[in-house]
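Colleague: Make the full structure from the sequences, and use the hints.
There are 2 protein chains.
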Amino acid sequence: MRMTKGVEWAVHTLLNLAWLSDDEPVPTARLAAGHDLPAPYLHKQLQALVRAGLLESVPGARGGFRLARAPEAISLLDVVLAVDGDEPLFRCTEIRRCGSVGAACPDGSRAFALPCAVKTAMGRAEAAWREALATQSLADVRAETDAHAPSVASAVRRALGDG
Amino acid sequence: MRMTKGVEWAVHTLLNLAWLSDDEPVPTARLAAGHDLPAPYLHKQLQALVRAGLLESVPGARGGFRLARAPEAISLLDVVLAVDGDEPLFRCTEIRRCGSVGAACPDGSRAFALPCAVKTAMGRAEAAWREALATQSLADVRAETDAHAPSVASAVRRALGDG
Chain A
18 MRMTKGVEWA
28 VHTLLNLAWL
38 SDDEPVPTAR
48 LAAGHDLPAP
58 YLHKQLQALV
68 RAGLLESVPG
78 ARGGFRLARA
88 PEAISLLDVV
98 LAVDGDEPLF
108 RCTEIRRCGS
118 VGAACPDGSR
128 AFALPCAVKT
138 AMGRAEAAWR
148 EALATQSLAD
158 VRAETDAHAP
168 SVASAVRRAL
178 GDG
Chain B
18 MRMTKGVEWA
28 VHTLLNLAWL
38 SDDEPVPTAR
48 LAAGHDLPAP
58 YLHKQLQALV
68 RAGLLESVPG
78 ARGGFRLARA
88 PEAISLLDVV
98 LAVDGDEPLF
108 RCTEIRRCGS
118 VGAACPDGSR
128 AFALPCAVKT
138 AMGRAEAAWR
148 EALATQSLAD
158 VRAETDAHAP
168 SVASAVRRAL
178 GDG
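Line order of the protein sequences matches chains A and B. According to my numbering, the first sequence holds residues 18 to 180 in order. According to my numbering, the second sequence holds residues 18 to 180 in order.
There may be inaccurate statements among the hints.
Copies of one chain are not kept apart here, so a pair can be met inside one copy or by any two copies together.
Pairs of lysine-lysine residues, derived as DSSO-like cross-links and limited to a Cα-Cα distance of at most 30 Å, are as follows [to be verified]:
id : residue 1 : residue 2
1  : Lys136    : Lys22
2  : Lys22     : Lys61
3  : Lys61     : Lys136
Just so you know, these hints were derived from the structure itself, not from any lab.
Modeller: Written out as C-alpha cells, the structure is:
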C-alpha cells in the first residue's frame with residue numbers, strides 16, 4: 018500500500034511554481050525537465066491538479082500552468098486527493114455479515130445496524146492522517162525547505178524561470 | 018492507494034479468535050467459513066500473522082490457529098504491518114536532486130544534506146496514522162462491537178467454537 022509516484026511529482030512541481038511566484042505560466046516540458054520527469058505522465062497529473070482547482074492552465078504559445086491559489090491555501094491533502102483520489106485507505110466490504118458467523122447472528126439487521134467496529138477504528142486512523150495532511154500547506158513545506166536549504170529557491174528560479 | 022483486503026480478513030479473524038477465548042486452535046477451513054473467505058488466501062494471511070508473532074500455529078489433526086498474545090496486546094498497527102508490510106505510504110525517490118532544478122543547486126551536497134521537506138511532511142502524517150492504529154487494540158475493537166452488537170460474541174462462539 019502506498020501513494021502513487023504522481024503525488025511526489027505533483028507536490029514538487031507545485032512547490033517549484035510557488036517559488037517562481039511571478040505568475041507567469043510554465044509549460045509542461047519545462048516543469049518536467051525541472052526534476053527529469055516524463056512530460057506526458059506529468060501532464061496527466063497537472064491536468065488532475067487543474068480539475069481540483071489547484072492549478073490554472075493557460076493556453077497558447079506562451080501558455081502553461083500556474084498556481085490557482087496561494088501556497089498557503091493548498092494543503093498536502095488537496096494534492097493527495099487530486100492525484101490519488103478520495104478512496105479510503107481501508108475499504109470495508111462488510112464481511113461481518115457473511116459466512117457462518119453472519120448467519121449465526123440471530124437478529125441480523127440489529128447486529129449490523131451500526132457501522133462495523135473494524136471500519137470505525139480504521140477510519141479513526143485515516144482521519145488522523147488526513148488531518149495531518151490538511152494542516153500542512155505548500156507554503157509550510159516551502160518555508161521548511163527555505164530554512165534548511167536556502168539555495169534551492171534561487172536554483173528553482175534559475176532553472177524554471179522565464180529569463 | 019489502499020490496504021489489501023487481507024487486512025480486513027486478518028482483523029476479523031483475529032477478532033473471532035479473541036471472542037472464542039478458550040485457547041483451542043481453530044483450523045483454517047473453519048476460520049475461512051466464518052466469513053465466507055477463500056481458505057487458501059486466508060491461510061497465507063494467517064501464516065503472516067504467525068510470523069509476526071500474533072498467532073500460534075498448532076500442528077496435527079486437531080490443530081489450527083490461536084492468538085499468541087492477549088487481545089489487549091495486539092494493535093491494529095501490528096495487524097496492518099504483518100499483512101501489508103512496513104513500507105511507507107509515501108515513498109520519496111529524491112527527485113529534488115534530479116533534472117534542471119537539481120543541477121542548478123550550486124552547493125549540491127549542502128542543499129540536500131537534510132531530508133526533503135516533502136518527505137518530512139508526508140512522514141508526519143503517516144506517523145499520525147500509525148499512532149492512531151497503534152493505540153487501538155483488538156480488545157478495544159471487540160469491546161466496541163460488544164457494546165453496539167452484543168449478540169455477535171455468542172454468534173461467533175456458535176459458528177466457530179468446537180462444540
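Colleague: Looking back at the numbered hints, which does the structure fail to meet, lowest number first?
Modeller: none
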